[in-house]
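Student: In case you want the letters, here they are:
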Amino acid sequence: MRKTHEKLINENSTRLDGRKSNQLRPIKIEVGTLSNADGSAYIEQGKNKILAAVYGPKELHPKHRALPDRALLICRYHMAPFSVQERKSPAPSRREIEISKVIREALEPSVFVEYYPRTSIDIFIEVLQADGGTRCSGITVASLALADAGIPMHDLVSACAAGKVDGQLVLDLNDIEDKEGEADLPLALMPNLNAITLIQMDGDLSINEFEQTLNLAKEGCKQIHALQKDALKAKYAAVKEVVEEK
Amino acid sequence: MRKTHEKLINENSTRLDGRKSNQLRPIKIEVGTLSNADGSAYIEQGKNKILAAVYGPKELHPKHRALPDRALLICRYHMAPFSVQERKSPAPSRREIEISKVIREALEPSVFVEYYPRTSIDIFIEVLQADGGTRCSGITVASLALADAGIPMHDLVSACAAGKVDGQLVLDLNDIEDKEGEADLPLALMPNLNAITLIQMDGDLSINEFEQTLNLAKEGCKQIHALQKDALKAKYAAVKEVVEEK
Amino acid sequence: MRKTHEKLINENSTRLDGRKSNQLRPIKIEVGTLSNADGSAYIEQGKNKILAAVYGPKELHPKHRALPDRALLICRYHMAPFSVQERKSPAPSRREIEISKVIREALEPSVFVEYYPRTSIDIFIEVLQADGGTRCSGITVASLALADAGIPMHDLVSACAAGKVDGQLVLDLNDIEDKEGEADLPLALMPNLNAITLIQMDGDLSINEFEQTLNLAKEGCKQIHALQKDALKAKYAAVKEVVEEK
Amino acid sequence: MTSSITVARVKQKRIAELISHGKRLDERGLNDFREVQLEVGVIERAEGSARVRLGKTEVMVGIKIEIGEPFSDVPNQGVLTVNAELVPLASPKFEPGPPNENAIELARVVDRGIRESKAISTEKLCIIPGKKVFIVFVDLWVLNHDGNLIDASAMAALAALLNTKIFNYEIKDDEIKIKPGYTQLPIVDHPIAVTFAKIDDNFVVDPWLVEEQVMDARFTITIDKDGKICALQKGGYGYFSMEKILEAAKIAQQKAEELRKIVVKG
Amino acid sequence: MTSSITVARVKQKRIAELISHGKRLDERGLNDFREVQLEVGVIERAEGSARVRLGKTEVMVGIKIEIGEPFSDVPNQGVLTVNAELVPLASPKFEPGPPNENAIELARVVDRGIRESKAISTEKLCIIPGKKVFIVFVDLWVLNHDGNLIDASAMAALAALLNTKIFNYEIKDDEIKIKPGYTQLPIVDHPIAVTFAKIDDNFVVDPWLVEEQVMDARFTITIDKDGKICALQKGGYGYFSMEKILEAAKIAQQKAEELRKIVVKG
Amino acid sequence: MTSSITVARVKQKRIAELISHGKRLDERGLNDFREVQLEVGVIERAEGSARVRLGKTEVMVGIKIEIGEPFSDVPNQGVLTVNAELVPLASPKFEPGPPNENAIELARVVDRGIRESKAISTEKLCIIPGKKVFIVFVDLWVLNHDGNLIDASAMAALAALLNTKIFNYEIKDDEIKIKPGYTQLPIVDHPIAVTFAKIDDNFVVDPWLVEEQVMDARFTITIDKDGKICALQKGGYGYFSMEKILEAAKIAQQKAEELRKIVVKG
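Heads up: the protein sequence lines correspond to chains F, A, V, Z, C and X, in order.
At position 23 of the first sequence (counting the first as 1) the number is 22 in numbering that gives the first Met the number 0, and the numbers step up by one without a gap.
At position 50 of the second sequence (counting the first as 1) the number is 49 in numbering that gives the first Met the number 0, and the numbers step up by one without a gap.
At position 158 of the third sequence (counting the first as 1) the number is 157 in numbering that gives the first Met the number 0, and the numbers step up by one without a gap.
At position 161 of the fourth sequence (counting the first as 1) the number is 160 in numbering that gives the first Met the number 0, and the numbers step up by one without a gap.
At position 29 of the fifth sequence (counting the first as 1) the number is 28 in numbering that gives the first Met the number 0, and the numbers step up by one without a gap.
At position 69 of the sixth sequence (counting the first as 1) the number is 68 in numbering that gives the first Met the number 0, and the numbers step up by one without a gap.
So that you can see chain F by itself, here it is in the shape it has in the complex (with noise of 0.2 Å):
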């Protein structure tokens, strides 16, 4: 990767977007933004702007995908072909049906799957612009959606990346962070369980580091896992206003 930037983080310690190293970039969520879906979420986190949809459980076609003992989840991570710099054909990539494997295994632990067998559970995402840390996003609003539809969970699944930028580890990394970065190690986390649902890395960590950056990436999903029930909340406070106005 070429180098547009001599330096990601300049000598006060900032990083280019005027964060800290720890510090999250600015999130917004929003739960219930679809109607036509049984459970549906926004999320801005930094430039990154992403919609979740979730429709089930619901009867499988073909049956014979179907499981005895459990739910079938299903899950599309999608990017529109504007969310980024080149447009990108809407055909699914390699990088997309990875990407939409592993966020599929970072929810499932959380749902409590055995309650439904036979069905589906499909959960949509839709990236209508990308910043980096996507998957991340992606998992924090599809468990929200998740939750949105009323599906039981153990726990919401909450998703941060950290990684090492000129020789620092930092939280949450934007788009030139990651890709003129030295490591970046995407998580998903069940806070309250203190289960891991995902853990991916690219990049160059000493064990040490490791250590260092699965704890920042830690406590990102920690204040993350508080933004969505304060989502939820509203949504709900939303609710029962419009109830009890009526």
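Errors might be hidden in some of the hints.
Far from chain X, some chain V residues (derived; all Cβ distances over 12 Å) [claimed, not checked]: (1) Glu10; (2) Ser20; (3) Lys62; (4) His63; (5) Arg64; (6) His77; (7) Pro80; (8) Val83; (9) Leu192; (10) Asn193; (11) Asp203; (12) Asn207; (13) Glu210; (14) Lys221; (15) Leu231; (16) Ala237.
Think about it this way: if two alpha-carbon atoms lie no more than 25 Å apart in a straight line, the pair counts; the simulated PhoX-like pairs of lysine-lysine are [as the list claims (entries may be wrong)]: (17) Z:Lys55 with F:Lys234; (18) C:Lys164 with A:Lys46; (19) C:Lys178 with A:Lys87; (20) Z:Lys243 with A:Lys100; (21) A:Lys178 with Z:Lys117; (22) X:Lys243 with V:Lys87; (23) Z:Lys224 with A:Lys178; (24) C:Lys130 with X:Lys171; (25) Z:Lys130 with C:Lys176; (26) Z:Lys55 with F:Lys239; (27) C:Lys176 with A:Lys87; (28) F:Lys6 with X:Lys117; (29) Z:Lys243 with A:Lys221; (30) C:Lys131 with V:Lys178; (31) A:Lys100 with Z:Lys92; (32) A:Lys178 with Z:Lys92; (33) A:Lys217 with Z:Lys243; (34) F:Lys87 with Z:Lys176; (35) X:Lys131 with F:Lys178; (36) X:Lys243 with F:Lys100; (37) C:Lys130 with V:Lys87.
If the Cβ cut is set under 7 Å, some of the chain V residues that face chain C in the computed set are [claimed, not checked]: (38) Leu59; (39) Ile195; (40) Thr196.
Calculated from the structure, these hints are not laboratory results.
The structure presented is a predicted model; accordingly, all values stated were derived computationally and were not measured.
A virtual CB, placed ideally from N, CA and C, is assigned to each residue, including glycine.
Chain F is fixed; fit chains A, V, Z, C and X onto it per the hints.
Tutor: Only chains A, V, Z, C and X this time, still in chain F's reference frame:
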């Protein structure tokens, strides 16, 4: 579109192919052309050369696509690679997929689909040579193939375009008039019922021009309706002869 | 085809790889190579390196493809991208699809398909390295994989090409002889029944030459038949040893 | 007959009867559009973007500009490409996969309105004649389907085009160099699509999902800024009389003018 | 066993018995082709075209000529591309979609006959060596399938190639300029395919659909203008004896000569 | 509940219990790999190749080198492309067709190990900056699937890369001329993947097929030659604790060193 001809209509109100503004191209129709299909027909309209075949009503696979209260119409409009100036890939283009849809929707109102629940009626249109107005010629010939297949119908569907070329309203545009003219309005009609089953338009027409163009196209449809009936009669006469000879 | 060599056969009637006109390439066969398949075999014939695996008879999905009175043979001949000089896309080419069909039709007469109605027998052939005559080597090795799977057969199918190179009739053409020679005639035979189950030809042969080429290929098939039987015996001997050791 | 068909027929009858009395289930008049909400420039990564809410129907449009080759028959004109995706997030009826006939029809009807009204000055998108032109990608992203995707998408596409900026450039030795600053995409017409549903023998404008489910057919009229018709499309299995079509054209003219004000000032 | 299988077996037995007595259901002799009807130049848009009727089997072939790049190993030769479509119009057994193994085999067998007989002087199709050559697209369009598609398609392809004209051109400054007038595509051999069906232990020539449905296997021999064999293809699940194959080759030589007269004068 | 599920649960319980006592069904210790057998240069047609047997799991890797264009953001670097095919020969669970999510994940995890450890000096693969570079195609061909495809494929890929030679060339007038002789592909790091399966609350290294069938999740750590982590991947529906992950990282470091000796000397 780069103009290849300065004028498409000369000072004597004659079009490039020698027609007057309200004149159809020469039309030749044959019913019962193909031996395998349940019904078939062939049309030449100017340089358009188009075959249609109908199979059905027949069992539908996979069964879950079947409709409990009526037949499913399936329609494929398809162009041979050699039908146009530059070789066309045999894979269906977006244009062919749209035209297949509008042709299906133009023919369906004519068919007593409720007589054949849970079946399909398959309509295949192969454009062997294209010279403008193939969707209309395709509807005209496919309606005859349906009749030839003995499928009960409210009326034959007759189709013809009208449009604006060099500022004049003209009937039955050929390829160059379609591409270099100002508007093209394909219409499909069940003439006995005055029912419009297809209407599309590309171009630029005032409301007044629109009304006149519509009427012109309607007259074209009626002329084509007469030719369709002649072709059916010719087929039955021929069949009768063969039967009586035996 | 641009000739890369002036002569493919020298004045001593020796071919580029040192063989005489009626001589097979060195052949190495192994039966039971893979642990997952119900039957498998591996062949090296000159530089050809080919694996075959058989799964079945087994249940067929989707069921409507099942045949009520016999097993369905499914065959895929496939080349690895690295098997040829210029990397081949892993998607099946038109050539691979045709060869899959003719190999299936070459093997089917040997199998008692009527013993296993409503099932499928799947034959997978992977060409790891190709040097001419891979369809014949593929048939030879796949027939052994069928035998290794314990599928009852009328006879082994043995395949070998003969053809014309520099005006001489030769056995078992390699890649350069196939590409730059005058004719290539692949043949598959059930030697005990004198039954030809595959015959194809590219090139230019008089009726007389055709008869001689056919006889040459037939002799090649018989030699290969002997090698096939040896390989099967070696496998059973090895199995017997293992069993007795226990 | 299955009970779901019976239910559908009962619903159809009820809606048709309401309409024959000039009323609709959602209390609109027959010729009323649902409320239109418009946001532009929502996707900073895109050269232009807009999000339209038409009642509960929601469509996002992003515009990307790339440099490519012109078509050989129009060597000095830019290229317009419209694509629609009915992503499964937007409706329980939408399935993942390549665009089906509905998505293709949607894209092509929106495309036709823009193209036939000559909304984009494509000759201004020529960089080096015959060799390099700008390609304008219009991606229609349906986010929630509550009926009348065509009109919502056409409005979003127009709003996004009006919001689009192209980077400045200069040509040196046949190479294109990007320069600082941006120029507005040259938009010279403002086509607006107006769709009618035919339910029994009546037309209603801007059908919502429930109406679409029971309609016989739909009819879309695209009107340019001079009040002329630039595109038509019939959809569905029903048919129309000549009179109804002419009547609809006049209503469309008037509705288009109203909607255009919202989109163009947007 | 289902009744349809029983019916098929009864039919097969009856046809086989007839053949063993030298007779066929449609009253032909074992080595008789059905009547061949040939029209050429039917598609004015194409550089060449032909429509062959072999009994009720009907195949249309169109030739398109384009300019493209040669293969790197034969930089001064034109390119031949043969494609076949079994369009669903032609048979209740054909389905829409990309060519399946039957269509691919058909195209490749016809291709092989043309290629191996060197019917086209491909070196005359070179425009600028290594850079520009003519590509000859041969599209086989099966319109009605009543058996023996290979022979009908091979005849139609040959007739269409003989009917093909290429526009004249000149090269100026490495650019190709089209000039007025046309030149015949250089065709120097006339390969004819002759197909046999094996039913029980007998061969019949030019099987029609009913015979194909009951045959054990088929065998196609393509014969060039010198009476030499230039391509062979076995199809189907049966097998042959050496003797039958040699016998068929001799019959094919004679049949090819008869058919060639029809096609080449066509 | 179907009986096959019951059987799976019983099996899962038995394997988990064994593991909780530090034992495995195939008698390995929890942190033991199966025997690794390595052959290189097996495909003469390929620029590099290797066949790895990890127990009964078997993977063939072939490397092809072609000349192509660099990516525009790294104009002076060669291109690495990793593709995996789970050919149906290798397992009754594999089906023909384009790579599914498992094949794609496998290819991408192996790719990430090579790419992130900077194993290939891609800047040495530049021929003409911005125009021509070498493209390294790594094709992972799984021949027999008995578990832990990632580690077997990563080893085979590394061994094949170490076995790869590129033809010599010179540049004359912007044209690439091939010269006699070959040069070793520049490989400067040796990434090794180590995969753990979590079964109940324990980790085992190098799971074989039976363990994969009952595991909760897997965790792959790729270690470069300096003992640093260059890639991680979690797969499967379970979850991990922080402690287990850190513990696994330390075991992986040690295992990687052992395996690297086999592969690099191979």
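Student: Now tell me if each hint is right for this structure.
Tutor: For each hint, the structure was consulted:
Every CB of chain X is more than 12 Å from the CB of Glu10 of chain V (nearest about 28 Å), matching its label as outside the interface. Against chain X, the non-interface label of Ser20 of chain V holds: every CB pair exceeds 12 Å, the least being about 25 Å. Non-interface status of Lys62 of chain V relative to chain X is upheld: no Cβ of that chain comes within 12 Å, the nearest being about 16 Å off. The claim that His63 of chain V lies off the interface holds: its Cβ sits roughly 18 Å from the closest Cβ of chain X, which is beyond the 12 Å cut-off.
The beta carbon of Arg64 of chain V is kept farther than 12 Å from every beta carbon of chain X, the shortest such distance being approximately 14 Å. Annotated as non-interface, His77 of chain V brings its C-beta within 12 Å of a C-beta of chain X; the closest such distance is 7 Å. Remark: the non-interface label on Pro80 of chain V conflicts with the geometry, its nearest Cβ contact in chain X lying 5 Å away (cut-off 12 Å). Val83 of chain V, annotated as away from the interface, has a beta carbon of chain X within 12 Å; the closest lies near 6 Å.
The beta carbon of Leu192 of chain V is kept farther than 12 Å from every beta carbon of chain X, the shortest such distance being approximately 28 Å. With a least CB separation of 31 Å from chain X, Asn193 of chain V remains clear of the 12 Å interface cut-off, as annotated. Asp203 of chain V, annotated as away from the interface, keeps every beta carbon of chain X farther than 12 Å; the closest lies near 29 Å. Even its closest Cβ contact with chain X, about 37 Å, leaves Asn207 of chain V beyond 12 Å, as expected for a residue assigned away from the interface.
With a closest Cβ-Cβ approach of about 35 Å to chain X, Glu210 of chain V is found to remain outside the 12 Å limit, as its non-interface label requires. No Cβ of chain X comes within 12 Å of the Cβ of Lys221 of chain V; the nearest lies about 28 Å off, and the non-interface call holds. In this structure Leu231 of chain V is separated from chain X by more than 12 Å, as the shortest Cβ-Cβ distance comes to about 20 Å. Interface exclusion of Ala237 of chain V from chain X stands, the closest Cβ pair being 16 Å apart, more than 12 Å.
As the CA atoms of Lys55 of chain Z and Lys234 of chain F are separated by approximately 18 Å, the hinted pair is consistent with the 25 Å bound. Taking the CA atoms of Lys164 of chain C and Lys46 of chain A, the gap is near 19 Å; set against the 25 Å cutoff, the hint holds. Pair hint Lys178 of chain C plus Lys87 of chain A holds up; C-alpha atoms about 24 Å apart against a cutoff of 25 Å. With a CA separation close to 23 Å, the supplied pair Lys243 of chain Z and Lys100 of chain A stays within the 25 Å bound.
Distance hint between Lys178 of chain A and Lys117 of chain Z is fulfilled; the C-alpha atoms sit about 15 Å from each other, no more than 25 Å. Among the hinted pairs, Lys243 of chain X with Lys87 of chain V is inconsistent with the structure: their alpha-carbon atoms are about 43 Å apart, more than 25 Å. For the suggested pair Lys224 of chain Z and Lys178 of chain A, the alpha carbons sit about 23 Å apart, so the restraint of at most 25 Å is met. Under the criterion of a C-alpha separation no larger than 25 Å, the hint pairing Lys130 of chain C with Lys171 of chain X is consistent with the structure, at around 19 Å.
Using a Cα cut-off of 25 Å, the hinted pair Lys130 of chain Z and Lys176 of chain C holds, with the two alpha carbons roughly 18 Å apart. As the CA atoms of Lys55 of chain Z and Lys239 of chain F are separated by approximately 21 Å, the hinted pair is consistent with the 25 Å bound. Under the criterion of a C-alpha separation no larger than 25 Å, the hint pairing Lys176 of chain C with Lys87 of chain A is consistent with the structure, at around 23 Å. Annotation: proposed proximity of Lys6 of chain F to Lys117 of chain X holds, straight-line Cα distance about 22 Å (limit 25 Å).
The straight-line distance between the Cα atoms of Lys243 of chain Z and Lys221 of chain A is roughly 20 Å, inside the 25 Å bound, and the hint therefore holds. For the hint linking Lys131 of chain C to Lys178 of chain V, the alpha-carbon distance of about 24 Å falls within 25 Å, and the restraint holds. For the proposed pair Lys100 of chain A and Lys92 of chain Z, the alpha carbon gap of about 18 Å is at most 25 Å, so the pair holds. The hinted pair formed by Lys178 of chain A and Lys92 of chain Z fails the criterion: a straight-line CA distance of about 37 Å is larger than 25 Å.
With a C-alpha separation of about 15 Å, the suggested pairing of Lys217 of chain A with Lys243 of chain Z holds against the 25 Å cut-off. Distance check on the hinted pair: Lys87 of chain F and Lys176 of chain Z sit about 23 Å apart at the alpha-carbon level, within 25 Å; holds. Distance hint between Lys131 of chain X and Lys178 of chain F is fulfilled; the C-alpha atoms sit about 24 Å from each other, no more than 25 Å. The hinted pair formed by Lys243 of chain X and Lys100 of chain F meets the criterion: a straight-line CA distance of about 23 Å does not exceed 25 Å.
Pair hint Lys130 of chain C plus Lys87 of chain V holds up; C-alpha atoms about 23 Å apart against a cutoff of 25 Å. Given hint, Leu59 of chain V at the interface with chain C, is violated; its Cβ is 16 Å from that chain's nearest Cβ, farther than 7 Å. At a threshold of 7 Å, the smallest CB-CB gap from Ile195 of chain V to chain C is about 5 Å, leaving the interface hint in force. Restraint check, Thr196 of chain V versus chain C: the minimum CB separation of about 5 Å is within 7 Å; hint holds.
Figure legend: structure checked against the earlier numbered hints; hints not met, in rising order: 6, 7, 8, 22, 32 and 38.
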